Amino acid sequence: MNESSRLKTTLLGIPMKSPVMTSSGTFGFGEEFADFLNLDELGGVFVKGTTLLPRRGNDGVRIAETPAGMLNCIGLENPGVDVFLNETLPRIAKYNMNIFVNISGGSAEEYGILAEKLDVDGVAGIELNVSCPNVKDGGIIFGTDPKAAASVVREAKKHTSKPVILKLSPNVTDITEIAKACEDAGADALSLINTLMGMAIDIKTWKPVLGNITGGLSGPCVKPVALRLVWQTAQAVNIPIIGQGGISTAADAIEFFLAGASAVSVGTANFVDPYATTKIIQGLDDYLEKNNLSNISELVGKLKMD
Amino acid sequence: MALPKIAVDASVIINEQVSEDVFRLELLCPEIAAYSKPGMFVQVRVDKGMLLLRRPFGIADVKDKSITVFYRVLGEGTKALTSVKSGDLLNVLGPLGNGFKTDAKRPLLVGGGMGLAPLLYLARFYQGKADILMGGRNKQEIFWEEYFRPYANNIFITTDDGSVGTKGFTTSLLPQLLTDTKYDLVAVCGPGIMMQLISDIAAKYDVPCQVSLEKRMACGLGACLSCAVDTKDGQRKKVCKDGPVFWAEEVQI
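In the order they appear, the protein sequences are chains A and B.
If you read the first sequence in this note's numbering, its first letter stands for residue 26, the second for the next number, and so on.
If you read the second sequence in this note's numbering, its first letter stands for residue -4, the second for the next number, and so on.
Bound-form chain B, shown alone (with noise of 0.2 Å):
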């Protein structure tokens, strides 16, 4: 059953550096946080210049009545994103897409980078209950920890450099723990590579695996068709309506 969606000027209530290149943003949009569930997402507009399309984020926290999306300052839009300060409107479209299963006994939950965002409040919802493997290049990469610690069971880290937790990725360390742990459920984003193979290793294991695909998009909508996804069977979904959450068997990721 389709939420509702809106479109509403958001009073931004903090717009924060938290790394190198990431952002952190809340803002304040009641009606959008009501219907928001985990996996997800906004578009923001950012009115400035000739940008035109708005940008697509995952829903990383909901509070009372704010959303808090993260980003990384990759182009333009990121980048005029950055200068927004507290107070300041942005025009907020959503909540968009289906999110996550948040019915699992035991989920872990696996990030790689910006992919880190919606699970963040996936693990919120999990109220504790869940593990969360987290890759980065480097220890800056892994910020991302001190959010998720109040919300989670068990946190394992893995670095390129080793620099935090064990030196590798987030594919080295995962058959360990689908070994160690009889989890119902593996809940992956992050670069197309990564989520291939954690749910090629998932399905080894027989753990259902969900996976949160990127693509670029215009509308959010399911009207333009440029998110188009291929799935197993030979068909099309759209990354926009059908996912962003998808179950791994779903789709070529």
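For reference, chain A alone in the conformation it holds in the complex (with noise of 0.2 Å):
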């Protein structure tokens, strides 16, 4: 219900009331939050993973709770595009959210397909997952390198006229190098972090907590990691990055704004409380007021390194 001006934000040429997102696989489609807040309120929503073919997911143990954060290898369970394109968009077009869809692709030329088929009225934008830790068809064999990566986002680019958002690993040696090819490649925007690899080891059985073996850590740990990377490939790229990794306060996106991102993106602390955006927008807009700052883009990048 904040309707600010404050907040306001233009990113990729949509309007938005805030530069506050929800990051993919953490809220759904959306319509799982609607009890809790107006989803308009947000600068977007990142739906769940989708791929060509519906995937059932990873069997076995899917989640495990670490300290300050968590594991997950969901395995991108997901009912296709085909299904999402013809039940899921008209079922949420109500809301009035930006709808990013995440794609995953076992191929440059599969993320085209997907690019294309989501080249539709009711789409904001694309973002090209390259960076699943959880399967091995695909996802982050396409993060973990630059002419990879880049073929993705000129294939996706090629098949639409979306906005293309890259969302790069934090799973590699040096993400600026990675970021710089999706930027020459035509990406439009950036967005990190994707989950830290990680395992859990059940000291009973000796044997791994999660079905997967190994999972995406995520959560607060994760944030001086994510805000690191955030702040590293600002440096590095000159187009707009959508910051995330361990997101659960307002203080916490402030760094984000001031370490460069152009917008935040709100993970995993929408299962911890499902108002965490809103609480997140309205603090950013009390730290605006006290601030005397009249829009949120008076942070970006604003670090002061003396």
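Please keep in mind that the hints were generated in silico from the structure rather than gathered at the bench.
Keep in mind that a hint or two might mislead.
As the list claims (entries may be wrong) - Not the full set, but computed from the structure, chain B residues with beta-carbon under 7 Å of chain A:
| id | residue |
| --- | --- |
| 1 | 119 |
| 2 | 211 |
| 3 | 217 |
| 4 | 218 |
| 5 | 221 |
| 6 | 227 |
| 7 | 241 |
As the list claims (entries may be wrong) - Only part of the chain A face toward chain B is listed, based on derived beta-carbon distances under 7 Å:
| id | residue |
| --- | --- |
| 8 | 93 |
| 9 | 202 |
| 10 | 231 |
All of these numbers come straight from a predicted model, not from anything done at the bench.
We put the CB at the ideal spot given by N, CA and C, even for glycine.
These two chains come separately, so use the hints to put the complex back together.
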């Protein structure tokens, strides 16, 4: 319900009421949270990762709580792009969200096919997931090699008129190399970070806790890593960055803006508190007012080094 | 039709130990109590140390303005919960999921261990119409009897060691009960293997059977997909949103 002009943002040519979004895989299709907030308050909703064909996801235990965080290995369970287009998209249209569709493919061509299928009214943009640590065929393979990542971006750009966002993996040696390659290939924005690959072991059974053995770490524990990677990437590219990784409060979000993010996205915090985004939006507005700032853009990249 | 969900700071009315490792927690949350149905659950936030996720608990009773849950001390979260005192606030999200059938004429509720918690509210809902078959390892685990007594018709008890009731498992007694009485619903909640066996027996006697499943979950809202369960037709459903109560023939328990 916050209509403050202080938070109004235009990103990728899309007007947004706030620069606070929700991360793919943590917010369903938005509708799951309709009881808790006005979804159009958000800058955008990145819906659950979508693939060409339906996926059952991984077997066995899919989550584990870890200190100030959690591991997941869902494995991209989703109904497939056709069900998304024919059933989900019409159903969620009433919420007036900016809907960004996170897509995963097994080849660069598959990203192209998905991008083309999703080039329809009601979709605000495409997020290329090249950083899922939990599936074998695709995902992170494209996110750890600059050339492969760039080829996915080019293929998607060729097949859609929508803005294309590439989601970067933190599980790399030099994130800026991949970020620059994607910028050169025509990516309109970058979102980072995806989860950090981790694991947990049950000391009673001596077995991995997760069915998939390893999983993606998220939550407050990853925030300092995410912030560092956003800051490094912001130095290296000129396209907008959607900062994410462990953001639970407005104070967390402000750090990401100062590090160079043009927008932020909230993930695991939605599981802990379904009102998390609303509270962050309110907290950001209060902070801007208190600091006599007229718009959130006045924070972006304003980290002082001396 | 989905009922409205809410997350509220609920005042703790009582947090009392009822057996060696089981506690009863009553929370003042009229908004959630108003929409709770037997079989639904809540997600309680344990805001302590490095704990992050909410803990899901089946709703075991509802009064005018309060809900009651039971929890067994299993890990750090439930251990932290034991130190909560009357008057403290706990953030509660709910009511979540879909509940049991509540219009059976002659229901039999079958529970093992903590699985008896959601059945307690179901028993009360049936106002004395329901028979209860409860199983536990020993007499200490059958503390549930006193809670069910005011709401149940007949109570049948089994223990692994025979310290109270019939020696054996609920599965040993069930065929006899289904032979003697024409039940039109078996509602079961307990360990997976028990629910599997109970539902197999119910199927053999042609009595419709509902199971209440438990899975690790994060959001409780159908968003995180942690709690996927296989259906018999090869699909996947969410325990939190499509369940936790399912018809036995629908899911792979």
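Hints, verified against the model:
{"no.": "1", "hint": "119", "in the structure": "27 Å, violated"}
{"no.": "2", "hint": "211", "in the structure": "5 Å, holds"}
{"no.": "3", "hint": "217", "in the structure": "5 Å, holds"}
{"no.": "4", "hint": "218", "in the structure": "4 Å, holds"}
{"no.": "5", "hint": "221", "in the structure": "4 Å, holds"}
{"no.": "6", "hint": "227", "in the structure": "14 Å, violated"}
{"no.": "7", "hint": "241", "in the structure": "18 Å, violated"}
{"no.": "8", "hint": "93", "in the structure": "4 Å, holds"}
{"no.": "9", "hint": "202", "in the structure": "32 Å, violated"}
{"no.": "10", "hint": "231", "in the structure": "18 Å, violated"}
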